[in-house]
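Please construct the entire structure, taking both the sequences and the accompanying hints into account.
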Amino acid sequence: MTTASAARTPGVDRSIAVEQLTRQFGDLRAVDRVDLEIPSGEIFGFLGANGAGKSTLVKMLATILAPSAGRASVAGFDVRRQQGKVRRAIGVALQEVGLDPLMTARELIVLQAQLFGTSTGPARQIAERLIVTVGLEDVDARKRVGDYSGGMKRRLDLALALAHDPLVLFLDEPTTGLDPASRIDIWNEVRRLNSEQGMTIFLTTQYLEEADKLAGHVAIIDHGRIVAQGTPAELKRGLGEEVVELSFETADGAERAASVLAGVAPQCRLSDGVLRCYFPVAAREVPGIVRALDQASVPLRGLSIDRPSLDDVFLRATGETVDHAREREAGEPAPATVTR
Amino acid sequence: MTDFFILIVRSLRTYLRQPAAIIPGFAIAVFFLFVYSAGLSSVARLPGFHGSYLAFILPVAIVSAAIGGATLAGEAFIRDIGSGYFTKLVLTPTNRLALIWGPIVAGGIILVAQVVVILVLALIMGLGSATGPAGLLVVLVFAFLWGMAFSGFAVFVALRTKNGAATQAATLIFFPLIFLSATFVPRQYITSSWLKVATDINPTTYVFNAMRSVLIDGWRAGPLLVGLAVVLAFATVTGALALWQARRATQLK
Numbered sequence: 091m092t093t094a095s096a097a098r099t100p101g102v103d104r105s106i107a108v109e110q111l112t113r114q115f116g117d118l119r120a121v122d123r124v125d126l127e128i129p130s131g132e133i134f135g136f137l138g139a140n141g142a143g144k145s146t147l148v149k150m151l152a153t154i155l156a157p158s159a160g161r162a163s164v165a166g167f168d169v170r171r172q173q174g175k176v177r178r179a180i181g182v183a184l185q186e187v188g189l190d191p192l193m194t195a196r197e198l199i200v201l202q203a204q205l206f207g208t209s210t211g212p213a214r215q216i217a218e219r220l221i222v223t224v225g226l227e228d229v230d231a232r233k234r235v236g237d238y239s240g241g242m243k244r245r246l247d248l249a250l251a252l253a254h255d256p257l258v259l260f261l262d263e264p265t266t267g268l269d270p271a272s273r274i275d276i277w278n279e280v281r282r283l284n285s286e287q288g289m290t291i292f293l294t295t296q297y298l299e300e301a302d303k304l305a306g307h308v309a310i311i312d313h314g315r316i317v318a319q320g321t322p323a324e325l326k327r328g329l330g331e332e333v334v335e336l337s338f339e340t341a342d343g344a345e346r347a348a349s350v351l352a353g354v355a356p357q358c359r360l361s362d363g364v365l366r367c368y369f370p371v372a373a374r375e376v377p378g379i380v381r382a383l384d385q386a387s388v389p390l391r392g393l394s395i396d397r398p399s400l401d402d403v404f405l406r407a408t409g410e411t412v413d414h415a416r417e418r419e420a421g422e423p424a425p426a427t428v429t430r
Numbered sequence: 029m030t031d032f033f034i035l036i037v038r039s040l041r042t043y044l045r046q047p048a049a050i051i052p053g054f055a056i057a058v059f060f061l062f063v064y065s066a067g068l069s070s071v072a073r074l075p076g077f078h079g080s081y082l083a084f085i086l087p088v089a090i091v092s093a094a095i096g097g098a099t100l101a102g103e104a105f106i107r108d109i110g111s112g113y114f115t116k117l118v119l120t121p122t123n124r125l126a127l128i129w130g131p132i133v134a135g136g137i138i139l140v141a142q143v144v145v146i147l148v149l150a151l152i153m154g155l156g157s158a159t160g161p162a163g164l165l166v167v168l169v170f171a172f173l174w175g176m177a178f179s180g181f182a183v184f185v186a187l188r189t190k191n192g193a194a195t196q197a198a199t200l201i202f203f204p205l206i207f208l209s210a211t212f213v214p215r216q217y218i219t220s221s222w223l224k225v226a227t228d229i230n231p232t233t234y235v236f237n238a239m240r241s242v243l244i245d246g247w248r249a250g251p252l253l254v255g256l257a258v259v260l261a262f263a264t265v266t267g268a269l270a271l272w273q274a275r276r277a278t279q280l281k
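Sequences listed follow chains X and F, in order. Using the numbering used here, read the first sequence as starting at 91 and increasing by one per residue. Using the numbering used here, read the second sequence as starting at 29 and increasing by one per residue.
Quick caveat, the hints were computed from the structure, so don't treat them as lab data. Each residue gets a CB set at the ideal place from its N, CA and C atoms; glycine is no exception. Among the clues, some could well be false.
Some but not every residue of chain F turned toward chain X, in silico, with C-beta under 8 Å [as the list claims (entries may be wrong)]: (1) 42; (2) 188; (3) 203.
Facing chain F, a subset of chain X residues (Cβ under 8 Å, in silico) [claimed, not checked]: (4) 122; (5) 167; (6) 187; (7) 192; (8) 201; (9) 205; (10) 373; (11) 377.
Here are the simulated DSBU-like pairs of lysine-lysine, each with C-alpha atoms no more than 30 Å apart in a straight line [claimed, not checked]: (12) 243/X to 224/F; (13) 243/X to 303/X; (14) 175/X to 190/F; (15) 233/X to 190/F; (16) 303/X to 326/X; (17) 243/X to 175/X; (18) 233/X to 243/X.
Right under this line is the structure:
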C-alpha cells in the first residue's frame, strides 16, 4: 500500500506516460493515437466535449478498459501488464459515481481503506478525516448513500478515491453537476492534494475555467485526437496577444462583418453573433476595423478589447465552443458557428 | 482471507438492510411447513410410510428457504454492477475469489439463520430427530451447501446477464427443483412414470433423502453419501460457472 509519506517522498514516480494509445469500439475510434507526457506532481487538465474521448482515456489509464493499441504507464507501471500495481498507485473518481446505496459514507470509506490493506482502527481514522476533507461532516452518520444528493455522492466518491493515499489521482469531470460553492470546494481540495502530498492529478473537464484555474498543463481532445497541448498561457499566446470582440445588431450583420474583416484580421471567429478577431496589438487595429465596417455599412453595436481565453483556444482547436459542443451532445441544434 | 472476511461482513450488513429481500423466501418456507404438515399429514397413515409427516415435509421447507436465501447474492451483484460499485471493488487489490465468494457465503449465513428458525419452529410443532441434535446439524449443513450451490447459479446468471429481471427469472428454477421430486409423498407412491424419471434426475431428491434419513431412519451412510456427492457436484458446477463469469467480469474489456 502507498502511504502519505511515500506520496511526499521525492523520487517516487508519480508520472503518466502515454504513447500512441488507441481504443477502438467497433467502427468508432474513441481514442486515436494519443501521446501524453505528464511529470510527477502535475495537475493536468484534459479538456473536451462529451464523447470526445476523455473518459475512455481515463478508463484505459485506470485499467478499466484495455487499449486496442499503444502503450501507457502510470506511476511507472504498465497499464496492460502491471494492472495490480497500477491499481494500488491510483485513486479514481469516475464521471459515474460508484457507491453502494445501502451503506453509509463512513462504512464505504472504511471498507475501501481495508481493501487496500489498512487495518480497521486506522481505516476508521481515515474515514473521519476524509469525511471532513470532502465536507460531509454535518451529514447524519447513519444516513445511507442512497439518500444522498448528487453533489454529496460525488464528494463521497472523491473521498473513496483518496482512502489509500494514491500517488496519482484520476478525476473524471469531478465538478459536473455541482453547484458553484461545491465546485470551489473541490478545486481547493485538488490544489491541497497536489501541493501538500505531491499527488499527480489527471483531471478531465468540460469547464475551461476549471482547467485554467487548476491545471499546469492542458490538452484538448476532439474526436479521440489531441488537437492542442501546452500550458494555458502558451495555448492562449498561440492565438495572438489580444482579441477585438465585436457585437452587432443582427446576425446577418455579424456574418457580413466576418467577410468584410477577412482582409483586415489574420484570424477571426464568429460565434453567437459575436465576432472575435485576434491581433498582436489590438488597439492599433481598431480604427481600421471601424472604417472597414462603416464603408460596408455594417452597423456595429459594441467593441471591446480582451485577452484570448481558453475558450478561444478550444474554439480554434475543435471548431466549436464548449457550450456549443455541450448543446450538440444534448441534441440541441448549435447556433451557426463560422470558423474561418 | 482478510478480504474474504471483510466482504462477508459488508454483504451481511447490506442483506440485513433489505428485509424485503429476505422475508418472502422465509415466509414461503414457513408456509410450506405449516400448511403441508397440517394439510397432508394423513399421508403418514399410508401403508409402508414410516416416521412423522412433519419430519418428511421439513426438508421441503428447508430447501425452499435455502433457494430463496441463495438469490440474495445474485441480487447483490446486480445492485453493485448497476450502481457502479462493482467497478470500484474491481479497482481495489482485493482477491478476486473473495470478491465473488464474500457475497455468496454471506447469503449462506443468512439462510443458515433462517433454517435454524425453521428447525426451532418444527421442534415446537413436535419434530423428533432419529439422530438427535447431531442430525439437525447435518440438516443444517446440507441446507448451507445446497444454498451455496444455488447461489453459484444465481451469481452466474447475474454476472452473465447483468440484469435484475433475468436474475429474478432464473430463480424460477426453484419450481422444478422443489416440485419435480418426492416432495409430498415418498417415491414409491408416485404413479406417473415421467414424474418418477424427473424425481430420479432432480438433484434435490437426494438432498431430501439425506435430510429425511437422519430425521426419520437414523444414521445410514448410503443416503448421506449420495446426498453429499450430489450437492458437492452441483456446487462445483455452479461455482465453476460463477467463477468463470466473474473472471470475465473483472478482466480488462
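Cross-check of the supplied hints:
no.: 1; hint: 42; in the structure: holds, 4 Å
no.: 2; hint: 188; in the structure: violated, 20 Å
no.: 3; hint: 203; in the structure: violated, 29 Å
no.: 4; hint: 122; in the structure: violated, 19 Å
no.: 5; hint: 167; in the structure: violated, 13 Å
no.: 6; hint: 187; in the structure: holds, 6 Å
no.: 7; hint: 192; in the structure: holds, 4 Å
no.: 8; hint: 201; in the structure: holds, 6 Å
no.: 9; hint: 205; in the structure: holds, 4 Å
no.: 10; hint: 373; in the structure: violated, 53 Å
no.: 11; hint: 377; in the structure: violated, 58 Å
no.: 12; hint: 243/X to 224/F; in the structure: violated, 56 Å
no.: 13; hint: 243/X to 303/X; in the structure: holds, 24 Å
no.: 14; hint: 175/X to 190/F; in the structure: holds, 28 Å
no.: 15; hint: 233/X to 190/F; in the structure: holds, 27 Å
no.: 16; hint: 303/X to 326/X; in the structure: holds, 14 Å
no.: 17; hint: 243/X to 175/X; in the structure: holds, 27 Å
no.: 18; hint: 233/X to 243/X; in the structure: holds, 12 Å
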